[in-house]
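Chemist: Start from chain A and add chain B according to the hints.
In order, the protein sequences belong to chains A and B. Here the first sequence is numbered in my numbering, starting from -1 and rising by one per residue. Here the second sequence is numbered in my numbering, starting from 102 and rising by one per residue.
Rather than coming from a laboratory, the hints here were simulated on the basis of the structure. As the structure is a computational prediction, the values presented were derived from the model and not from experiment. Take the hints with a grain of salt, since some may be wrong.
[Said to hold, decoys possible] For lysine-lysine, the following DSS-like pairs were computed, each having C-alpha atoms within a straight-line distance of at most 25 Å:
| # | chain 1 | residue 1 | chain 2 | residue 2 |
| --- | --- | --- | --- | --- |
| 1 | B | Lys102 | B | Lys143 |
| 2 | B | Lys102 | A | Lys11 |
| 3 | A | Lys55 | B | Lys143 |
| 4 | A | Lys55 | B | Lys102 |
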Amino acid sequence: KAGVTQTPRYLIKTRGQQVTLSCSPISGHRSVSWYQQTPGQGLQFLFEYFSETQRNKGNFPGRFSGRQFSNSRSEMNVSTLELGDSALYLCASSSGTQPYNEQFFGPGTRLTVL
Amino acid sequence: KQEVTQIPAALSVPEGENLVLNCSFTDSAIYNLQWFRQDPGKGLTSLLLIQSSQREQTSGRLNASLDKSSGRSTLYIAASQPGDSATYLCAGTSGGSYIPTFGRGTSLIVHP
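One chain only, chain A, in its complex shape (with noise of 0.2 Å):
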């Protein structure tokens, strides 16, 4: 069974500009949960897709959104990027079905922001 796959691996971009990043989950898994990981922060919980809807969100702005498409792959959009957005973004897949399924992570993207 394939894993969870992340496009693009790595990303640079400048202040101002907007970033779409991919995840697609492993067949089956209906749930797609999305986290920023920096060195100073470690791991945040961005939000979270099951179903096509936004399940959970986490505390991040307005420029940090997402959606799921009806075959689970799921896309974050960051607008307006600022310096601080340079991260490794990471999402997760589980089956979504109960909370203590188990989950999978993708490799990330690294978003620089110059």
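Modeler: Showing chain B alone in chain A's frame:
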């Protein structure tokens, strides 16, 4: 609200040692506790998942235990190898949430 703490933050040991990594959580009504490994700049690899009804799980040289009453989980690594060098994170899910709460991780270096 679940809080997860990992001690120590960093650990350096010689090859061959048996180690214990600690993970503490505040909400004992935990659904599961998952241990991950992360290599620098990479994603998280799931190592072991312990459900609330279980006491421990084993995979090769790794053994993870869960004690809900004391709010602790430990990851035991037997006969450590340089390839075990990585950051180890634990995450607990509780309180009706589908979102796990992560610790800050323990950075492990195993030197030859």
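Chemist: Next step is simple, just say for each hint if it's right about the structure.
Modeler: Right, here's what the structure says about each hint:
1. B:Lys102 <-> B:Lys143: Violated. Lys102 (chain B) to Lys143 (chain B) sits at ~28 Å, over the 25 Å cutoff.
2. B:Lys102 <-> A:Lys11: violated (36 Å)
3. A:Lys55 <-> B:Lys143: Distance ~24 Å between Lys55 (chain A) and Lys143 (chain B) Cα, so the pair holds.
4. A:Lys55 <-> B:Lys102: holds (15 Å)
Hint compliance for this structure: hints 1, 2 are broken, all remaining hints hold.
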